[in-house]
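Work out the full structure: start from the sequences and follow the hints.
Single-letter residue listing:
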Amino acid sequence: MLSVSHLSCTRGDKRLFSDVSFTLAPGQWLHLEGDNGVGKTSLLRLVCGLSALEQGQIQWQNLSVVHNPEEFRANLAYLGHQLALKEDLTPLENLQADAAVAGRTVSVFEAMAALAQLGLRGREHLPVRVLSQGQKRRTALSRLALSHAKLWVLDEPFVALDGAAQNALSNVINQHLNQQGMVLLTSHQAVSLQGQGLSYRLSA
Amino acid sequence: MSAFLAIVKRDLTLALRRKNEVITAVFFFVVVAALFPLGIGPELNTLRLVAPGILWVGALLASMLSLGRMFAADHADGTLEQMALSPNSLSVLVAAKILAHWLLSGLPLVLLAPLLGLQFDLSTNALWILTLSLLLGTPLLSLIGAIGAALTLGVRGGDVLLSLLVLPLYVPALVFGAGAVEAEISGLGASAHLSILAAMGLVAAVFSPWASAASLRIALES
Amino acid sequence: MIWNSAADFWAMGGYGLYVWGSMGMTFGLMALEMLWVKQARAQALKQVALEIEAAQTPAKEWHS
Amino acid sequence: MFQKLFFYASPQSFYPLAGRLWPLFALAGTALTAWGMWLGMFVAPTDFQQGEGYRIIFVHVPASWMSMVIYLAMAFWALLGLTFNTRLSGMMCRALAPTGAIFAFLSLWTGALWGKPMWGAWWVWDARLTSELILFFLYLGYIALTSAIDDARRADKAGGILALVGALNVPIIYFSVKWWNTLHQGASVSMTKGSSMAQTMLEAMLIMGMAFWLYAIAMALYRVRSIILVRERHVQWVADLPEVQAMRAHALEAQS
Chain A
229 MLSVSHLSCT RGDKRLFSDV SFTLAPGQWL HLEGDNGVGK TSLLRLVCGL SALEQGQIQW
289 QNLSVVHNPE EFRANLAYLG HQLALKEDLT PLENLQADAA VAGRTVSVFE AMAALAQLGL
349 RGREHLPVRV LSQGQKRRTA LSRLALSHAK LWVLDEPFVA LDGAAQNALS NVINQHLNQQ
409 GMVLLTSHQA VSLQGQGLSY RLSA
Chain B
205 MSAFLAIVKR DLTLALRRKN EVITAVFFFV VVAALFPLGI GPELNTLRLV APGILWVGAL
265 LASMLSLGRM FAADHADGTL EQMALSPNSL SVLVAAKILA HWLLSGLPLV LLAPLLGLQF
325 DLSTNALWIL TLSLLLGTPL LSLIGAIGAA LTLGVRGGDV LLSLLVLPLY VPALVFGAGA
385 VEAEISGLGA SAHLSILAAM GLVAAVFSPW ASAASLRIAL ES
Chain C
4 MIWNSAADFW AMGGYGLYVW GSMGMTFGLM ALEMLWVKQA RAQALKQVAL EIEAAQTPAK
64 EWHS
Chain D
2 MFQKLFFYAS PQSFYPLAGR LWPLFALAGT ALTAWGMWLG MFVAPTDFQQ GEGYRIIFVH
62 VPASWMSMVI YLAMAFWALL GLTFNTRLSG MMCRALAPTG AIFAFLSLWT GALWGKPMWG
122 AWWVWDARLT SELILFFLYL GYIALTSAID DARRADKAGG ILALVGALNV PIIYFSVKWW
182 NTLHQGASVS MTKGSSMAQT MLEAMLIMGM AFWLYAIAMA LYRVRSIILV RERHVQWVAD
242 LPEVQAMRAH ALEAQS
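Protein chains in written order, with my numbering: chain A, 229 to 432; chain B, 205 to 426; chain C, 4 to 67; chain D, 2 to 257.
These aren't lab readings, by the way, just hints derived from the structure by calculation. Be aware that a few hints might be false.
[Stated by the list, open to error] Cross-link-like lysine-lysine pairs, in silico, DSS-like; alpha carbons within 27 Å at most:
{"hint": "1", "chain 1": "D", "residue 1": "K179", "chain 2": "D", "residue 2": "K117"}
{"hint": "2", "chain 1": "A", "residue 1": "K364", "chain 2": "A", "residue 2": "K378"}
{"hint": "3", "chain 1": "B", "residue 1": "K223", "chain 2": "A", "residue 2": "K364"}
{"hint": "4", "chain 1": "A", "residue 1": "K364", "chain 2": "B", "residue 2": "K213"}
{"hint": "5", "chain 1": "B", "residue 1": "K213", "chain 2": "B", "residue 2": "K223"}
{"hint": "6", "chain 1": "C", "residue 1": "K41", "chain 2": "A", "residue 2": "K364"}
[Unchecked claim] Derived contacts from chain C toward chain D, CB cut-off under 10 Å, selection only:
{"hint": "7", "residue": "S8"}
{"hint": "8", "residue": "A10"}
{"hint": "9", "residue": "A14"}
{"hint": "10", "residue": "Y21"}
{"hint": "11", "residue": "M28"}
{"hint": "12", "residue": "L48"}
Beta carbons: idealized from backbone N, C-alpha and C, even for Gly.
Listed below in structure tokens is the structure:
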């Protein structure tokens, strides 16, 4: 379980948000809403631990994330604005290297299956450089399907995807939720997923 | 450990698919070494005297040339974020980046140095010591440089700033590296120099990944 | 007192240029630094005052 | 005791404290400078070897000392800032750096002016001068890095790491340069030969050292107040300061 209490964030001189609290239980997803520039991405980065905590607390399984970062990170998958793909590597190589960095080994078979699930069959051995924008995003998303992390933190995962790809992604996320996973995401559009959905409106 | 190896492998694969970056640094080293005799004059006695210093300064500049790119690409494409979020210690992952950097920018210089030393009419013994001093010293350059590269990541005018930060810290490596060759030439023996170089490398190997990782986390905060 | 005359003192036994060059640069630079920090403080105060003023008063419509 | 320390570690309570303290340090520094210069320039006897030229050491040696002491002080604040995450530490670090750089420059300048008559050259690659030059570069690097990063907190932290790395390196650099110097049979004239120095010379030098130390503290305290002011400008206590109120009134007057 993830529980976040009394987070606040200042960027430079500007106070973005303060006193943000929510909890996320297994099988639940939370849609973070708010206007542009209100600090949705900043909140996600704060929750992941990319930014230093100024105020408030983040707890994972009732333990402070600041004091037990390894345990939290082992259960965390983050997808940001940048896709973390190497353009000169193939989707397959990217997935395998990413998994190793995250501390797991992924077989070629598993990686191929994950890519196929997001409709990238036949693209496994091309350099990412030659893929379309949507295909690149799907490659990055297939990293999630391979991840064993309990908590997914996704920044605008549905952006730049066509209808079929959106459905495929929804399926991947639903599968994760069915296995008692948790998802924290931002999205400009309405989100419909299975399981118990919450929404949190961020304002200054 | 598998994460460490995976990062080394990834960086090497990427460099092999974009060979020009490695080749540029090596070529730079060759050109710099060839320019000095043109500036100083072809007198072999003089050249023998200045060779250790010139080759070491050349190696120093060549290895610095590629420092700016050490973390920049990973920072730009988001890979660095994923590394910071890995349950593996970021210091270990950074150590892998440093090793890859040395394999790509330090090792070629080490292998090339004896060839360039011949241009300066160095004796066989001196060539050996030159190669050995570079073998022990260039990892030190990558280790110290990593801290500078991490500190200047995403900073305006980062590349120029990087050289200002890193070059003064390179002084001990330069003194003992070039000093080893000079000591060999003058018959004093280079073992003391080489031991100190190795000792400094060990200290840096412990401290630098940690300091670089801390700097990278700071760079990722904004 | 070890000097016989003022001229002796300024000549510094032939080292006048070097001694006075050192003293001059040292105390000159220190004086300059004092002026500099004073100026920096005045500027900081001004910037802070203007920003607080701007934050507390709504922007005025400008007239041509 | 510790509570009191932590109380003064907050910018809000340090600002008035620094305001009260800096005039004291400045006053004491001025008095000691006057005393030290009197001793050095009027009382200390002529050196039998170096004539009157040696009097440069009364500013050269204290300036060199301070350039090193200030770098150590910066490393100390940096360590404090990185371990306890106190905001004041980074500000103190940045307030100290310019004064340290100035002292390093002065050490080089006066060293060159001493070297010309003694060694016959403005610049000699002597171990101490060379290390001082590198220390000067380290200061410039610190200042360049912290001023290139816009976000003040990030600049403080990055600067802190650099200061620590630099402080670890300073002894290694000094040692390596000394080694290099002996290998090349460099200059052997020493600027201060402790044993042969008259008592008054040593006294004057120590007093000048104290004076520069006090000066550096006064400068850092004065400078940190400006830094605190700008950093905390969105906090109410800054708006309530009489000097800020006065400046606002002044600005309004100028507008109308």
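Verification of the supplied hints:
1. K179/D - K117/D: Given that 27 Å is the threshold and the Cα spacing comes to 21 Å, the pair holds.
2. K364/A - K378/A: holds, 24 Å
3. K223/B - K364/A: holds, 24 Å
4. K364/A - K213/B: Holds, at roughly 22 Å.
5. K213/B - K223/B: holds, 15 Å
6. K41/C - K364/A: Distance of about 56 Å is beyond 27 Å: violated.
7. S8: violated, 13 Å
8. A10: violated, 13 Å
9. A14: holds, 8 Å
10. Y21: holds, 5 Å
11. M28: Nearest chain D Cβ about 5 Å off; hint holds.
12. L48: holds, 5 Å
The structure fails hints 6, 7, 8 (numbered hints given earlier, in ascending order).
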